[in-house]
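There are 4 protein chains.
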Amino acid sequence: MPNHLLKYYQQVRARSEEICAPLQTEDYVVQPVAEVSPPKWHLGHTSWFFETFVLADYQPDYQVFNDQFNYIFNSYYETVGKRVVRTDRGNLSRPTVKEIYAYRAHVNQAMQKLILNQGTDAKLVKLITLGLQHEQQHQELLITDIKYILGHNPLLPPCTLLTDSELPSSNTWLTINSGLYTIGHSGQGFCFDNELCQHKVYLNPFQIQKHPVSNVEFLQFIKAGGYQNFEYWHSAGWDWVQQNKITAPLYWHYVNGEWRYYNTQGLTQIALNQAVNHISYYEASAYAQWKGLSLPTEAQWEVASEQLNWGQRWEWTNSAYLPYPGFKKLPGAIGEYNGKFMVNQMVLRGASIATSPGHARVTYRNFFHPHERWQFMGLRLVRNQ
Amino acid sequence: MPNHLLKYYQQVRARSEEICAPLQTEDYVVQPVAEVSPPKWHLGHTSWFFETFVLADYQPDYQVFNDQFNYIFNSYYETVGKRVVRTDRGNLSRPTVKEIYAYRAHVNQAMQKLILNQGTDAKLVKLITLGLQHEQQHQELLITDIKYILGHNPLLPPCTLLTDSELPSSNTWLTINSGLYTIGHSGQGFCFDNELCQHKVYLNPFQIQKHPVSNVEFLQFIKAGGYQNFEYWHSAGWDWVQQNKITAPLYWHYVNGEWRYYNTQGLTQIALNQAVNHISYYEASAYAQWKGLSLPTEAQWEVASEQLNWGQRWEWTNSAYLPYPGFKKLPGAIGEYNGKFMVNQMVLRGASIATSPGHARVTYRNFFHPHERWQFMGLRLVRNQ
Amino acid sequence: MPNHLLKYYQQVRARSEEICAPLQTEDYVVQPVAEVSPPKWHLGHTSWFFETFVLADYQPDYQVFNDQFNYIFNSYYETVGKRVVRTDRGNLSRPTVKEIYAYRAHVNQAMQKLILNQGTDAKLVKLITLGLQHEQQHQELLITDIKYILGHNPLLPPCTLLTDSELPSSNTWLTINSGLYTIGHSGQGFCFDNELCQHKVYLNPFQIQKHPVSNVEFLQFIKAGGYQNFEYWHSAGWDWVQQNKITAPLYWHYVNGEWRYYNTQGLTQIALNQAVNHISYYEASAYAQWKGLSLPTEAQWEVASEQLNWGQRWEWTNSAYLPYPGFKKLPGAIGEYNGKFMVNQMVLRGASIATSPGHARVTYRNFFHPHERWQFMGLRLVRNQ
Amino acid sequence: MPNHLLKYYQQVRARSEEICAPLQTEDYVVQPVAEVSPPKWHLGHTSWFFETFVLADYQPDYQVFNDQFNYIFNSYYETVGKRVVRTDRGNLSRPTVKEIYAYRAHVNQAMQKLILNQGTDAKLVKLITLGLQHEQQHQELLITDIKYILGHNPLLPPCTLLTDSELPSSNTWLTINSGLYTIGHSGQGFCFDNELCQHKVYLNPFQIQKHPVSNVEFLQFIKAGGYQNFEYWHSAGWDWVQQNKITAPLYWHYVNGEWRYYNTQGLTQIALNQAVNHISYYEASAYAQWKGLSLPTEAQWEVASEQLNWGQRWEWTNSAYLPYPGFKKLPGAIGEYNGKFMVNQMVLRGASIATSPGHARVTYRNFFHPHERWQFMGLRLVRNQ
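Chains as they are written, first to last, in my numbering: chain A, 254 to 638; chain B, 254 to 638; chain C, 254 to 638; chain D, 254 to 638.
It should be emphasised that the hints constitute simulated quantities derived from the structure, not laboratory data.
Even glycine gets a Cβ: it sits at the ideal position worked out from N, Cα and C.
Keep in mind that a hint or two might mislead.
Computed from the model, here is a short list of chain B residues facing chain A with C-beta under 7 Å [what the hints assert, rightly or not]:
#1 LEU433
#2 PHE445
#3 LEU449
#4 LYS463
#5 GLY611
#6 ALA613
Where chain C lies over chain B, by a calculated footprint (3+ residues, C-beta under 8 Å) [to be verified]:
#7 342-350
#8 392-406
#9 506-515
#10 532-540
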């Protein structure tokens, strides 16, 4: 089992670096908006997680790589002390990319030793698994942040392309009967604390789309003046549209009379039969409103999930990110992982083409603020009866 | 029935003016923060509501009092055209208070005529009822806004006192069994559109406090350092506490080593056995976290409501303000009443001592942003099992 | 001499109230932008000046009217303690207008007694004179602030009209020879400390316009696209134009294809042969740049002043507000009057139709930030050789 | 002469790259505050200057390196088209450092050819000289920006040290008689347009310090509570101190009870007998006020300059940055060089240890906003009589 764990550890850790392989040194450094962290910060922070929450507790002779890194790579753990203000991450030229790769190697070496020696300790295995799942979350952020960094550079430099699948030209409506259903994670296998507390929900009958909404469908909303008509929008969404002069999803450019899209290979034509991407909750909700339909709740989504074609986009639900009944925060720093964000955000379900292999589950609860859209975000519709 | 409706109309409309009776002219004008509107604006806006949504449609020969008032007194109805930016309401010295009272009289006269002539038209009756319920909502805002205006003046001038009742010295836990319950409004009698779509919910068993949390209990949280310890707070709540240097509920002042409270009669001692007042969702939630307990969901609150001592404070729930299953926005301007606010806000249940008589219902869904606390807001706890 | 001083005192004090006579109570209260103070604040602050700097020192038995007024009516004197944040002045409904008039009467009564008893004390006379000159400065601010309050109300209510004189249809160029000139105040008669330190300046020969620039001339700048062409503007001025979408002087409205002007009587035609009014330094400077000419320095203006037609507009000069050689701040609170503002502002010379009678001098140094334009501000040009 | 010019060109261009030699790639990229540009931007911008203002006009067959670079490297020339918003410079990872060095080489090659072919054309020589003087200005900015980037990194990484000379332990007062003096540049040899228009000024007699104010003297101001006492400060300076919690010059750190200084080699002791460094105009002025003395005007400084020990710090004067009498903006983009900044800034005279060799002149007019202090800025005092 330690060998299995070690292999798992090495695979996950290696993938972070593979994602960054096409980058130039300069691409690792910048933070064009507050929510996009520099790639080198992600690489350091995920290593700091193992150093702080695993090695410091389980490896008594562990030598901290650099004791100022706690200040630099702590993301939001108040328990673990002061930290660089989030918006300053892109102002730090040091540590260099090279030093951060050395930091990763240093942590990996200590982790390898630890796993081989104590890799049967159930509590430790659980903690390491959390660290790897955490790193996988940052892998998706690496992809979205790199896309933002390059996609907002006036030179629009190309980078690795993610493969997107085609949708059928017409969608299908699935019918779900009313009844009492159970949602949430059973606790077998890994899950985050916010998925626990499996519980019953009663649902009215509803119909749900088998496939996510496509670009060609979303184009109709744009052409119908959807971004110019307040009546489809939340009040806060309409303010957001006005203040930011939003007229299309992120990465769409109107060039010579037609919409084009930055897909990490440069500006290209809109792939009409792919799922719409990079829209905010406000846009998803306005689209549904325009159609006279709704976004699914997270319970609806989860109950229907077996029959859905999902995994291309994180899908906005109409559920706010709130604790499941009986949810309790874990003690200590790990307890800051999820619970303290359970306000002002909306749940997204599914996974995306940027999600790391093996990281998706139908009980997974992703969450973002309603205006955010730099993740691979789309939607599907329900018809409530 | 027209006579009955007329009497209802007159009572409600008169109460708005009674609330303002103790004011000096200057008190009608100011807007110390964006969410507190000048009292004269409330008096005008509620009249504009009748002029715009009732008289303009039902009274063909109605003479608009002043055609610029639509621009001045429209609150947020995009359908009805441009309007004064919300934060500019307190920058307008004109129309004067006297002119606004004349405006009210003008509208009242036309409404009286309309009610007597057409007061049996069911659709009209419904619309007038909505206008009166709307005015009652603004009556509560008048009280809270006047309290804010005087309570943030360095002279702390006195004003009318609302009577608050005492709580028993110890609280009682009520037990609710698990099961399928129905919540929402049946549609008999008046309700807002957001209460409709009565539906079933499944609840786990839980216990809920009979009485709201008192000042003496909340003082213990303060004394235990609750405002200084991040672990009880949402991340966004902790930021709010830090940025605004919050150390106690609104209107609390620390004077010569003890907490005092502005209760509209000047600074007074904390009434230990009254329900805590003027706390934000963040504070309510931190208090619950400190106790190791939870805020009720709105379903829990409604299901238990028959057994609760409620009506002194709007009570923060742990439910986000979202549409009930099947909710549809009404067409036209009236459809902007509720639906477009269903994001980023939390539901409060119950009513407060500032709520107008006859305006409370157990299905009522009030909603505010998590940091807002100038309403009469408190909490009660649940223990989830 | 005490009688003479008393009469002077009474005339000046009465004029402040005369300026406010046409106001409604509500007009006294609001502060639509930070730099516009509520008229009631001006009335209180000018009285507080006498209470704090005269009565408290010279009248041992003086009863302070209300000891919280020091907090409310202190403008910027750090020496005298804490004060209401400037932007909060318009948030205070109390003290009421009536109370402030009572405050004025209370101060006037005490001042009358003081003047009759001690009105020959030279130091006291000087201090009272300063207080009256200070009040005259606030009288001009009262006029400009009232104009702003009413001129930014959507109802554009009328108020008292100031009489403006006509300019000749063509301007005249006066020639000033090069040489050593003396500028600054000799110290005979009242002046502010910033005018003292009379000193020599050497001027190159120049020509200066006899009359200020007129509306008809400024309209040509507008029609020539002056507001759309960066090359006439300072970099900071161009940013200001862009951010605030400035296309004309303050109070100009483009209605049905022509420019109209709010002159306190409502919207009216542009008075073509009156001096252009309500322009910022940035606009004055851009106009000069467009003409290929310059604004005068304050020395040029003062040296030429005897031959100029001045007094209708404060005229922007191209001199920054800096101390004259040898300037020293006075000790104590009175020393805060001028010196601490000598950075980031530009000097205006002359006087305006809103300046109080007897308050103008050719050595007077008025000063405002380069973007401000709610005062009665215009310009005249020089040709440097 | 072309050979001489070519050598001059090569020396200046090489020095920019020498300054950057100790940097890591990451150090070239970041922009921790708006006024600090990424070193790679400076390297690109100075090359763009030659490409745009020299090669495009004089070298008909010149191949632009990358036509998007005009958008990326234009600093503020409205004449030359749109540009990256200044605060976005640090958000651009591309072009890479390597590409920018290739850009420099490309421009250098074309410039070499141009100089050898047309290097006797007087107008061209003048333009190239301007480009090289411009590059020298950016060399000083490179030094100050690199210092800021490293000096605000929590790791405080070391970099090249500039040599600072010691001051004598006591200062000397020089006396200048009153009289008519001439200031400004005669036009012989290179100068910027803002130094032209040599003109006469009359000065009262004054005394001026031979040496700049030292750290030991400035420490006395700190110890005397100078940063805590409003009466030494301009009103705007006091606001700046309060809002930014300023208690010492930039790069000073209070560690274990004593002040230390980041001098690009890490934290070190305060060099007591060196000139105080990195203070704003507000601090310079407060220090003078505390001493009961003044900052020199730029005329005083220039008239006394022959007798002064200068060149270690840019010295704040008490003169605002305004045009000399008769100043005219040059036509076209080059006219944007200086004139459009002549508002809201103060003049600094002298030069600093970061100034490029051969770039200093006694008529040089440097200028910054009164709160800026990341340049090598100090002061000396005058006593006006």
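Do the hints match the structure? See the list:
1. The closest approach between the C-beta of LEU433 (chain B) and any C-beta of chain A is roughly 6 Å, which is under the 7 Å cut-off, so the hint is satisfied.
2. With a cut of 7 Å, the hint placing PHE445 (chain B) at the interface with chain A is violated, because the nearest CB-to-CB distance is about 16 Å.
3. With a cut of 7 Å, the hint placing LEU449 (chain B) at the interface with chain A is violated, because the nearest CB-to-CB distance is about 13 Å.
4. A least Cβ separation of about 21 Å between LYS463 (chain B) and chain A goes past the 7 Å threshold, and the interface hint is therefore violated.
5. The restraint placing GLY611 (chain B) at the interface with chain A is violated, with a minimum CB-CB distance near 28 Å, outside the 7 Å limit.
6. For ALA613 (chain B), the interface hint is violated, the least distance from its beta-carbon to any beta-carbon of chain A being 25 Å, above 7 Å.
7. Check on the segment 342-350 of chain B: 8 of its residues sit with their Cβ under 8 Å from a Cβ of chain C, so the three-residue criterion for coverage holds.
8. A stretch counts as covered by a chain when three or more of its residues have a beta carbon under 8 Å from one of that chain; for the segment 392-406 of chain B and chain C the count is 4, and the coverage holds.
9. Counting residues of the segment 506-515 of chain B whose CB lies closer than 8 Å to any CB of chain C gives 0, so the stated coverage by that chain is violated, three being the minimum.
10. Counting residues of the segment 532-540 of chain B whose CB lies closer than 8 Å to any CB of chain C gives 0, which falls below the minimum of 3, so the coverage claim is violated.
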